[in-house]
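Protein sequences, first through last, are from chains A, B and C.
Under the working numbering, the residue at position 164 of the first sequence is numbered 164, and the numbers go up by one with no gaps.
Under the working numbering, the residue at position 239 of the second sequence is numbered 239, and the numbers go up by one with no gaps.
Under the working numbering, the residue at position 320 of the third sequence is numbered 320, and the numbers go up by one with no gaps.
Heads up, a few of these hints could be off.
Said to hold, decoys possible - Label-pair distances were calculated between CB atoms; the ranges are:
no. : chain 1 : residue 1 : chain 2 : residue 2 : range
1   : A       : V70       : B       : V192      : 15 to 21 Å
2   : A       : G141      : B       : F160      : 34 to 40 Å
3   : C       : R184      : A       : H133      : 56 to 62 Å
4   : B       : F160      : A       : N109      : 23 to 29 Å
5   : A       : H199      : B       : P76       : 58 to 64 Å
6   : C       : A200      : B       : L283      : 25 to 31 Å
7   : A       : G23       : C       : A200      : 31 to 37 Å
Calculated directly from the structure, the hints in this document are not laboratory data.
Just so you know, even glycine gets a beta-carbon here, dropped at the ideal spot from N, CA and C.
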Amino acid sequence: MANHLLEVRNVEIFYGDAQAVWGVSFHVDTGKIVALVGANGGGKSTLLNSISSVIRPSKGEIVFSGKSVVRLKPEEVAAMGISHVPEGRRLFSRLTVLENLELGAYPPNIRRYMKESLERAFDFFPLLRDRIHQAAGTLSGGEQQMLAIARALMARPILLMLDEPSLGLAPLFVERLFETIQTLNGSGITVLLVEQNVHQTLEIADYVYVLQTGTLKMEGRPEDLLGNPDFRQAFLGMVRADT
Amino acid sequence: MTGFTSFAVFFQILINGVLLGCMYGVAAIGLSLIFGCMEIIFIAQGAVMILAAYSIYWMFTLTSIDPFFGFLVILPIFFGLGWLMYVGLFQRVQKAGKNSSLLLAFGLMILLEHLMALIWSPNTRSVTTSYSASAFNLGRINVSVTRFVVAIVALAATGFVFLFLKRTMLGKAVRGVSEDRLAASLLAINPVRVSATTFAIGIALAGVAGVATCIIYPFDPYFGFLFSLKALIAVAFGGLGSVGGALLGGVILGVLESLSSYTISAGWADAVTYAAFLLVLILRPEGLLGRRSVERP
Amino acid sequence: MLRGIASKQKIGYSLGLLLLALFVVYPFLVDAEASYLVYFLYSTFIYVALAQGWNLASGYTGQVSLGQHAFFGIGCYVTAITWRAGLTGYLDPLAMFMSGVGAALVAIAIGLPLLAKLKGDYFALGTLGVAEILRVIAINGGHLTEGVAGISLPSSAYLSMRHYYFIALSIALITLALLWLMTRSSIGLALVAIREDETAAAANGIGTLKYKILAFAVGAFVTGLCGSLNAYYMFHIHTAGAFNLNLVVIPILMAILGGAGTFLGPILGAFILAGVFELANIWMPALHPIFSAAFIVLVALFLPDGIMSHITGHKPGVLRKMFPSMWVLKTDGKESSIGD
Chain A
1 MANHLLEVRN
11 VEIFYGDAQA
21 VWGVSFHVDT
31 GKIVALVGAN
41 GGGKSTLLNS
51 ISSVIRPSKG
61 EIVFSGKSVV
71 RLKPEEVAAM
81 GISHVPEGRR
91 LFSRLTVLEN
101 LELGAYPPNI
111 RRYMKESLER
121 AFDFFPLLRD
131 RIHQAAGTLS
141 GGEQQMLAIA
151 RALMARPILL
161 MLDEPSLGLA
171 PLFVERLFET
181 IQTLNGSGIT
191 VLLVEQNVHQ
201 TLEIADYVYV
211 LQTGTLKMEG
221 RPEDLLGNPD
231 FRQAFLGMVR
241 ADT
Chain B
1 MTGFTSFAVF
11 FQILINGVLL
21 GCMYGVAAIG
31 LSLIFGCMEI
41 IFIAQGAVMI
51 LAAYSIYWMF
61 TLTSIDPFFG
71 FLVILPIFFG
81 LGWLMYVGLF
91 QRVQKAGKNS
101 SLLLAFGLMI
111 LLEHLMALIW
121 SPNTRSVTTS
131 YSASAFNLGR
141 INVSVTRFVV
151 AIVALAATGF
161 VFLFLKRTML
171 GKAVRGVSED
181 RLAASLLAIN
191 PVRVSATTFA
201 IGIALAGVAG
211 VATCIIYPFD
221 PYFGFLFSLK
231 ALIAVAFGGL
241 GSVGGALLGG
251 VILGVLESLS
261 SYTISAGWAD
271 AVTYAAFLLV
281 LILRPEGLLG
291 RRSVERP
Chain C
1 MLRGIASKQK
11 IGYSLGLLLL
21 ALFVVYPFLV
31 DAEASYLVYF
41 LYSTFIYVAL
51 AQGWNLASGY
61 TGQVSLGQHA
71 FFGIGCYVTA
81 ITWRAGLTGY
91 LDPLAMFMSG
101 VGAALVAIAI
111 GLPLLAKLKG
121 DYFALGTLGV
131 AEILRVIAIN
141 GGHLTEGVAG
151 ISLPSSAYLS
161 MRHYYFIALS
171 IALITLALLW
181 LMTRSSIGLA
191 LVAIREDETA
201 AAANGIGTLK
211 YKILAFAVGA
221 FVTGLCGSLN
231 AYYMFHIHTA
241 GAFNLNLVVI
251 PILMAILGGA
261 GTFLGPILGA
271 FILAGVFELA
281 NIWMPALHPI
291 FSAAFIVLVA
301 LFLPDGIMSH
311 ITGHKPGVLR
321 KMFPSMWVLK
331 TDGKESSIGD
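Here chain A stands alone, though its shape is the one from the complex (with noise of 0.2 Å):
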């Protein structure tokens, strides 16, 4: 039995009173891109707030890096290597560029190395640099999502989750974005990604899982999935047939 970097075994997840997650399994294995895919409504995002600790499962387990992380905080979760950008980036809009990357590398022992995760975030996000002192809000949408992936890349993440990064993003950027995700994987970081956008995520990914309605619809690696009847016809019209 392989070891998974994370491990997301039979959870199910509730808010109040209705079931959003039901007994959904999951990994995810070093140095690979992840990726969630579905309808809204599909439980998804859910997941991923699961595995950061923002909302707690009624039942299953989640284990990362061997460890259980159901009953920790959400703090205590991201200082063991996973950071989340979660649904619309919840970027600090009164704080600037910089003060927002500086706060992604806010503890003490990531603080170290502040200057040279600087470095790296420009590196990879060149557009950032010209605009350190403004404030986060005034950034264009596609700017905001670049922000926020390059905060959580401050605190040198173990594992990336980003939860819809191409929502509500120009063409031009999306594009930008997949190719971006698939540089830092390049250079290490494995991530989990939640998307609708279905294309350009087989494009990238590694392995798919399929969720609806809180469920695992269907699971495999793009290649397979495209020549799976079942899955082009749910996504038809997102997918080429003969791609």
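Here the structure of chain A is known, so what remains is to put chains B and C in place on it, guided by the hints.
Relative to chain A, chains B and C alone:
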């Protein structure tokens, strides 16, 4: 209505108001900070001020140490007190919603007031030093020494808080947590610790304002609520969320009080203040320096 | 109106009626002048009315009012002034009615700008500000209000404690009736809709301002009635008593303790809290305010949703909606922060 017999008189009243306002400003900054971290108006701010006032009063009465040293003493003590209050009480109700925090603050205010009245009697106290009555002259304007020093301290306190928020990592974390607690925790920032720090600073500032109060005014245990109200009005004038704004709001309040007290009467001065407060709430709720992001019906 | 009541509720109503019958009979069984319980019930009935008045104005609309003492004070002064001027008499229903109406009119006058323009915390502060202005006006009202010393009324007119008791009971019952009428009708539906999500309610064509002002005014009317009765009881009205902050705080506490936004909650809360305060007063008179304040702290820590939510198991989450942050950017839930 009394008119101003000369420009000098007008300036005198104005300066008095400014000096008075600096004191309101310090309490207002504390209030603003606490609002940023707990999203409630900390109604017990005034009671905490009076607690500090009593502390200095007893320190002065029993040991003859000059009250101005009180500023240095009060700061760390009240910081610690604030920390304990947050970690012990307010942190617990953070999840339950704002009404719990409000109720808690309110209960705390009454508890403090009555405890102080019980232990130290409801009689009015004041601190009189050898220089309490002395003043110096700026041209034709008479400036009270105590008020002047208090104003300096207030400005220094404001400066410190501003620098803290802007230049230190903890200060930035305070600003971040107050804007988006969850996002901060996702960055491995412990929101409880940061909020406790924020709250503690707010209480320390209330302490500073309290020291200033006891030097200038006579006070009693029930003075607190009125001061909370004044601090609140100052924040409304200046804009929630702005450190400079809180100070500015305090100064505006002080000037308004001073002017209306002189031209109309002390009784009506309050009404003028409240009316201005209402006007600001209705016409420009974000205050002078706040941001225009108010939800409108 | 009485459609489809479950049997459990029938038991509840029967108990309530029984209790009411006891309340009605009791003052005739004892010496009303000397009985402590009669006095206690008298003041508790008033608290029930005050708590329900606040409940209607705030608990059901979600707009917290901190200015109830203004309406109480208006009630006091209207009654005192008209009696002194010879326009009305002792325990005069006309005076009480005018007091209530006066308070309601002021509520409408301040409600129009405040409710239309202010939200959440701002509205609460606005009501507080208005109340303070009224207090200052009363202090500086010259011969009309006699300033801080207040107006004295002829205590020779005193009839009996029973009179006060039954008037207080009537006021409480009137309040409950009004509350019942309003909440069980389409008005109540609108109010709850407004409380839960005002934008949605407005989008659905509910004239939100109209309903909010109505609730506010009715709450004020009831509070004014209480003020009027208070004037008759104390025979002396002054600003410290008429505009006392306790009149804001205690009814709110009672409503919250019992469960704001529910029908029975404030009644329960009134009896419990009044009982707690009185017991504290009896057992440790010197410490009683401290004990009461500690009680408030405990309620805040452990019972923020009120007792009713524990009894019915239904957490209305009312109070979580009652203090929205001053700036809420609805799109991404960002709230206010500090720093320039």
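Going through the hints against the structure:
1. A:V70 / B:V192: 15 to 21 Å: Taking Cβ atoms as reference, A:V70 and B:V192 lie about 20 Å apart, which means the hint holds.
2. A:G141 / B:F160: 34 to 40 Å: Given a distance of about 37 Å, which is inside 34 to 40 Å, the answer is holds.
3. C:R184 / A:H133: 56 to 62 Å: holds (59 Å)
4. B:F160 / A:N109: 23 to 29 Å: holds (28 Å)
5. A:H199 / B:P76: 58 to 64 Å: holds (60 Å)
6. C:A200 / B:L283: 25 to 31 Å: holds (28 Å)
7. A:G23 / C:A200: 31 to 37 Å: Roughly 34 Å apart at Cβ, these two residues keep to the hinted range, so it holds.
This entry satisfies every hint, going by the numbered hints stated previously.
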